[in-house]
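Line by line, the protein sequences are chains A and B.
Residues in the first sequence are numbered from -12 upward in steps of one, following the numbering used here.
Residues in the second sequence are numbered from 484 upward in steps of one, following the numbering used here.
Hints listed in this document are in silico derivations from the structure and should not be mistaken for laboratory results.
Note that beta-carbon positions come from the ideal geometry of N, C-alpha and C, so glycine has one too.
Do not rely on the hints blindly, as some may be mistaken.
[Claimed, not checked] Straight-line C-alpha distance at most 20 Å; calculated SDA-like pairs for lysine to any residue:
(1) B:Lys529 to A:Tyr72
(2) B:Lys715 to A:Asn250
(3) B:Lys574 to B:Val604
(4) A:Lys217 to B:Ser744
(5) B:Lys719 to A:Ile240
(6) B:Lys715 to A:Ala248
(7) B:Lys529 to A:Asn250
(8) B:Lys602 to B:Phe580
[What the hints assert, rightly or not] Now the in silico label distances, taken between C-beta atoms and shown as ranges:
(9) A:Ile251 to B:Asp520: 15 to 23 Å
(10) A:Tyr72 to B:Ser677: 37 to 45 Å
(11) A:Val53 to B:Ala575: 32 to 40 Å
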Amino acid sequence: MSENYVPSSKFGKWFNDRLPLLTLSKHLTDYPTPKNLNYWWTFGGILTFCLISQIITGIVLGMHYVAHADMAFNSIEHIMRDVNYGWLIRYIHSNGASMFFLAVYIHIFRSLFYGSYKSPREIIWILGMLIYLLMMATAFMGYVLPWGQMSFWGATVITNLFSAIPLVGESITNWLWGGFAVDNPTLTRFFSLHYLFPFLILGLVVLHIWALHVPGNNNPVGIDIKKPSKDTVPFHPYITIKDLFALLVFMIIFSGFIFFAPNILGHSDNYIEANPLVTPKHIVPEWYLLPFYAILRSVPDKLGGVILLFASIFILIALPWLDSSKVRSAIFRPVYKIFFWILVIDVLALGYVGAMPAEGLYLLVARVATIYYFAHFLIILPILSRIEKTEPVPLSITEPVLGGMPKTEMIRSDKKNV
Amino acid sequence: MCNTQTKSRTIFLSLIFLLFAFNQAQSEEKIKPLEVDWTFKGITGKFDRASLQRGYQVYTEVCASCHSMNLLSYRNLGEKGGPEFSVDQVKAIAANFEVEDGPNDEGDMFTRPARPSDKFVSPYPNVQAATAANGGAYPPDMSVLVKARKGGSDYIYSVLMGYEEPPQGLELDDGVYYNKYMDGQKIKMSNPLSEGIVSYSDGTNATVSQMAKDVTTFLTWSAEPHLETRHKLGLKVIIFLIIFTILVYLSMRRLWSRIDSEK
Ligand code: HEM
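Chain A extracted, bound-state conformation (with noise of 0.2 Å):
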């Protein structure tokens, strides 16, 4: 294993005596892994993909940048029309934030079908919600810097929120802003900051695989596995060619909207200058954060819509205690398996209806959504995690021992999809 890895060279040893870094990369190489891990596994390689990508292209735009009021929608133009390949730059950037969200989300929901935030996980998921809540925020500060008429108007709304809390809702409100209204000083400290945030989130993603490497990866059958045994392939090559594979994949469908679609999850508005004087007919977030913007307005009370917008989001911090099953693969769990697609639709909705003006229909699909969303949390995982009756799950990957035939053919069906 790799703790006892002697490097063959002479450099190699002297060097790592001193810095174990080669110890580090035999760790990752050998690092064993469930061989009947399926595709849903591989979007950790490619957030860490997208994240360097919008690391790179964000210091390039960067360097063309001109964070002022005055000048930064004319900036964005420039490096549109005048910087070698800026479009390009620029389109990876916009769209890579949208398809960050997107593998976000299938990796968030892939999490919670398999039950990889159960014990002994608890601190991988829970580094993952920081890095979820760092990352919208530097998508909702990144959004601001083209000063276009939904940056100026979303900013304004969203940092509006903050101004709910009693007594001191106003001066923080002020202070965020460095003034009485987004203006300049509130562009020039968004800049700072989403500058900063990616690099903490590349230090949370540090954290997040460190955490992961010491219990090892969950699997489809969500079984603790013997560590290196017949169930496990090294990282390297196996996993590695398999992650390369299904980002190729996922590449494929990202440059179909830098190339062919790149303004498609945009909005028009946002190619039109701020003006503090113009408020658009619907002021809408990007499409990630609509699920969150449906709660917020589905309750009438400001202060309210606050609280139940920042507890939607911290009671996933808790879920590893509100879900007690000690069965983690939704695979094994008949009735869990489908309350998870009822929660994949209500989150759908509440996008959906984020999206539509808070009136009517939409308004009471959004109410209702919201209810279902904490009560599924709330009410249906603690409930159900107490009384579901599960079904046996296998012993190994390999040999299924407990499993009757339909179980088997449940794990094959795993390892075909390898």
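Use these hints to put chain B with the ligand onto chain A, whose structure you have.
Relative to chain A, chain B with the ligand alone:
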């Protein structure tokens, strides 16, 4: 039961795509714009060079008296992927305009003919002047107008084609016109196009729909000047990725066959 995995996968993917579709459909109660078979549509789309040149003519002879295009320089008219006027044509076009320059050695501002490197000259000194001169409505800058409207090129074309007699009983204020495709069916721009308002130097018949098409093509280019490069590069990138993906897939199968047969 045995293919729950594949089934749930299909469901999940279709739901994700539905989400995108829904967002696109954020339907406002508006009339659907006319659909034009633009040459620049689709993954191999290119601009029609002659149409771009005619479009510039419409812009400069008609729209430019009200609408600015602050983000464009005259040199852009000669660049690849655009109208591709020759160097001399661009110089001649620029020289038609006067720009302010200075201060000179005496400290005075002066005017001189524009050069290709200058930005398009605006019809009004500022937004307020433009608004005041147009009965309180600001003629928006046209550089990225196509991307700043839902519906893009189709929408812009439709607005230009959408002037009609207002329906019976609808009272319109002075300076307000009926237009099918505008929000609220009202626009504060009088119909800018009428048959023969420009005479095309290439002899094309200047019908309203021809001019609307040409000027919209021009505006689409101005909003997305690298569209052609983008399409060309995109095709190459995707073909490369597909080939690479297949190769990686095949080596993956090879590699994993050892594990799969181990059982
Ligand atoms: C920058 C964003 C993120 C990156 C780069 C990232 C990266 C990774 C990687 C490389 C893995 C291992 C491979 C895999 O299971 O897919 C992983 C596992 C995991 N991630 Fe993330 N992740 C990110 C965000 C999140 C978020 C937002 C969550 C949810 C709160 C999350 C929850 C998990 C969990 C629970 C696991 C363990 C799964 C297992 O053991 O199989 N991650 N992550």
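How the hints compare with the structure:
In summary, the hint linking Lys529 (chain B) to Tyr72 (chain A) is supported, as the alpha carbons are separated by about 18 Å, within the 20 Å threshold. At roughly 18 Å between alpha-carbon atoms, Lys715 (chain B) and Asn250 (chain A) fall within 20 Å of each other, so this suggested pair holds. A C-alpha spacing of about 14 Å is found between Lys574 (chain B) and Val604 (chain B), which places the hinted pair at or below 20 Å, so the restraint holds. This hinted pair checks out: Lys217 (chain A) and Ser744 (chain B) have alpha carbons roughly 12 Å apart, not beyond 20 Å.
Straight-line distance between C-alpha atoms of Lys719 (chain B) and Ile240 (chain A) comes to about 14 Å, which keeps the hinted pair within the 20 Å bound. Using a Cα cut-off of 20 Å, the hinted pair Lys715 (chain B) and Ala248 (chain A) holds, with the two alpha carbons roughly 14 Å apart. For the proposed pair Lys529 (chain B) and Asn250 (chain A), the alpha carbon gap of about 18 Å is at most 20 Å, so the pair holds. Restraint check: the Cα-Cα separation between Lys602 (chain B) and Phe580 (chain B) comes to about 10 Å, which is no more than 20 Å; the hinted pair holds.
For the pair Ile251 (chain A) and Asp520 (chain B), the beta carbons lie near 19 Å from each other, so the given range of 15 to 23 Å is met. Checked against the hint of 37 to 45 Å, the pair Tyr72 (chain A) and Ser677 (chain B) passes, with Cβ atoms roughly 42 Å apart. Range check, Val53 (chain A) to Ala575 (chain B): about 33 Å between beta-carbon atoms, so the 32 to 40 Å window is met.
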